[in-house]
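Chemist: Here is how the chains run, residue by residue.
2 protein chains.
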Amino acid sequence: MTDSQRLAARVNEVSERELLERIFPRLAVLGSPILGPGDDAAVLAAPDGRVVVSTDTQTEGQDFRLTWPNGYRTAGADVGWKAAAQNLSDINAMGAVATGMVVSLTLPAETEVAWVEGLADGLVEAIVGLGAPGCTVAGGDLGLGGELSVTVTVLGSLEGRAPVLRSGARPGDVVAVAGKLGTAAAGLALLEHGPRYAGLGEEARGVIRAFCRPRPPLAAGPAAARAGATALMDLSDGLLKDGDRLGRASGVVLDLDPAVLAAHAALLAGPAAAVGAEPLRWVLGGGEDHGLLAAFPPSSHLPEGFTAIGSVVPPAGGPGGVAIGGRPAEPSGWDHFAR
Amino acid sequence: MTDSQRLAARVNEVSERELLERIFPRLAVLGSPILGPGDDAAVLAAPDGRVVVSTDTQTEGQDFRLTWPNGYRTAGADVGWKAAAQNLSDINAMGAVATGMVVSLTLPAETEVAWVEGLADGLVEAIVGLGAPGCTVAGGDLGLGGELSVTVTVLGSLEGRAPVLRSGARPGDVVAVAGKLGTAAAGLALLEHGPRYAGLGEEARGVIRAFCRPRPPLAAGPAAARAGATALMDLSDGLLKDGDRLGRASGVVLDLDPAVLAAHAALLAGPAAAVGAEPLRWVLGGGEDHGLLAAFPPSSHLPEGFTAIGSVVPPAGGPGGVAIGGRPAEPSGWDHFAR
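Which chain is which? The protein sequence lines are A and B, in order.
All the letters of the first sequence, read from the start, carry residue numbers 1 to 339 under my numbering.
All the letters of the second sequence, read from the start, carry residue numbers 1 to 339 under my numbering.
Heads up, a few of these hints could be off.
[Stated by the list, open to error] To be clear about the criterion: a stretch of chain B counts as covered by chain A if any three or more of its residues have a C-beta under 8 angstroms from a C-beta of chain A, and this derived list gives those stretches:
| id | segment |
| --- | --- |
| 1 | 136-149 |
| 2 | 155-165 |
| 3 | 182-193 |
| 4 | 199-206 |
| 5 | 287-298 |
[What the hints assert, rightly or not] Computed spacing ranges between beta-carbons, pair by pair:
| id | chain 1 | residue 1 | chain 2 | residue 2 | range |
| --- | --- | --- | --- | --- | --- |
| 6 | A | Thr67 | B | Gly49 | 43 to 49 angstroms |
| 7 | A | Gly160 | B | Arg205 | 49 to 55 angstroms |
| 8 | A | Arg226 | B | Arg65 | 47 to 53 angstroms |
| 9 | A | Pro258 | B | Pro47 | 47 to 53 angstroms |
| 10 | B | His193 | A | Gly206 | 53 to 59 angstroms |
[Said to hold, decoys possible] Partner residues are not named here, just some residues of chain B that face chain A (Cβ under 7 angstroms, in silico):
| id | residue |
| --- | --- |
| 11 | Ala46 |
| 12 | Gly49 |
| 13 | Arg50 |
| 14 | Ser104 |
| 15 | Thr106 |
| 16 | Glu110 |
| 17 | Met233 |
| 18 | Leu261 |
It is worth saying that the hints were derived from the structure and are not from the lab.
Even for Gly, the Cβ is constructed at its ideal location relative to N, Cα and C.
Make a model of the complete structure from these sequences and hints.
Modeler: Structure follows, in C-alpha cells:
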C-alpha cells in the first residue's frame, strides 16, 4: 500500500499491526514510561507508593457528534484532546499530577485511518498544551464496533501529599473556582442551535473550542493541595450539581455570591444573544468546562488561578448542598441517566 | 420506587446516583483500596514504586452477543466475568499481581438495571473465583450509548520483580503453556453453529462456559517470573498468532511439538464432532482462553500449572516466529481489523 492510499484508508482496510504502527510514533514525543506499548501491559512509575486512577468514556452520539447541526465537523484531534483533558482533570481534582494514560478505542469499520491518527495527535496536543509534562500514553486497545467510542484511563501521582477529597469543606471556608464556568455549555448551544459554523466570528468559535477542547487548569489542582485546600473537585456536570455533591459530601452548604455568578454570565453575553439563551443558566448548570471547585480555610491566600465565589456555611439541619446569596438552590446540570 | 419496581427498571428510569447505589455495595466484598469510588479518582497502593496497567474493551456484537444463534443468553455476570478475566490475564502475563481495576460502562437506555447488577457481580465472581485476592474495583464511569460496551483497566504490582516481557526467549529455552488451548474457540463455535443450548450436555456447556467465563491461571504468571521465565505472554488471539508475536519479539522461532498439540486437540473431540470442526484448528488458532505462553531456560523445573509444548530454536535468517515439528507455521488467529 502506498502512502497516499494509506491516507485514504479506512480502519477495516489495514491490519491492527499497521494501524498501531501509524499511531505509536505520534505518541513518542511524550517520552517513555518504564515500559510502553507493545507487551501485554505497560509499566509506569508510582514514585510515592500510591497511584491515582480515573477512567472516562466518550461515545459518539452521546458525548459528541461527528457533524453538529451548525455544520461543525468534529476532528479526531478534538475527540483525542477532550478524552485526555477530561481525565487529566480528574487527576487534577485530587491535587495530583498525571503520570500516564492508556486508551481503548472502539472504531466503526468505515472510520478513516487519518481520523484515528488525528485522535492520537489530539491526545498529545492536550497533554503538552495543558501542561502535563510527565504524562505518557503507555498503551491501549483497539477494536471494531458500531459506534465510535474512546475510553481513557489516566494514572497520577500525589507527590507525597494526601489526596484532596470532596468531603473536607468546613463552615467558614472560602469557596473558590479555577477555570471557566459555562463556556463549554455556550459552545454546545452554538453547535446544537447556533448559526452556521462557517459564518461565526472569533468569540463564537472560541466557546465552541471551549466545548471541543476544554482546558482544565492543571497547575491549579496541585497548587490547591499545597495551599491547604479542604475540598476539591472537578466541575464536569455544572456548578450547582457539582457544588451540591461537594456540599453533601462535606455536610455543609456552599453559599455562592450572586454578583460573582453574574460577572461570569456577563462574559457569555455574546454567545447568549446568538442563540437567545440566558447565560446565567450556563454558568450554573453547564458541564464540561473541567475547572475546579475548591474550599480553602478562612483568610487563605488563594493560589494562582483561583478566585473566590462564595463561602461555606453550616447545613442548617439538612444534608448539605448549595445556595445562592443565602437561598437554597436546586441542583441542575447533567445527569446522563436522568429521565 | 419500590424494590420490585426497581428490579424491573431500565437504566434510563433511574438516576445515575441510584444506579451507582445499586452497584457499589456489590463490590464491597473485595475490600478497599486506599480511596475507593465516589470522588474524582481512586487511589491504589503501588507498593514497589511501579504500577502495571492494561486496558481492554468488550463491545456487544463484536465480542459477545446478548443472544447467541444457539439460544444462549449472555448474562450480565458473563460479561463482567470476562471483562475482569481478560484484564487480569494481561497483568498475569507480566508476572504481576492485580491490585485494582476501574470500569467504564456504556449502556443502551433499555438495559435492565438487574443486568447491570449482574455485571458487577460477575466482576467480583471473577476476581474471587480466579484468585486475585488483593484486587478491588476502585471506581468507574457510567454513560448511555447505542451499544453496550465495557472497558476495564486493571492495575498490578510486580512485587519487586522485573516484568517478564515477550522479548527474552533464547534458543534452547523450553516453550511451555499454562491453561487451556482452543476450549474457548470450541465454545464460540457451539454458540454460533451448535445445537440448541437447552439440549446440550455438560461437556458442551463446559466449553461454552470456557468462552463466556475464561479462567486465566493467575497463580502461573508470578510463578513463572519467580522461576526465571525468559518470556511470557497472554494467549488471547490464538497459539500460532501469539506465538509468532513472541517469536518475533525475541528474534527466535518457537518450535511446537505436534504430539502435544494433538493431545490438546483430542480433548476437544466431543465439541468438534457436534459442529463438524477440526479441533486442531481451535488449538492453533482459537483465541480468548487467556492461558500463558512462556519460555524457560533449558532444563528448568517448570512451575506448577505449566506443561512443555516445544522448544526455542534460532530464527534461521528470518525475523523469528513459530513452527510446528520444525516446519514454519503460518500464524492464524484473531485480528480484529483483518479484512
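Chemist: Which numbered hints does this structure break?
Modeler: 3, 4, 5, 16 and 18
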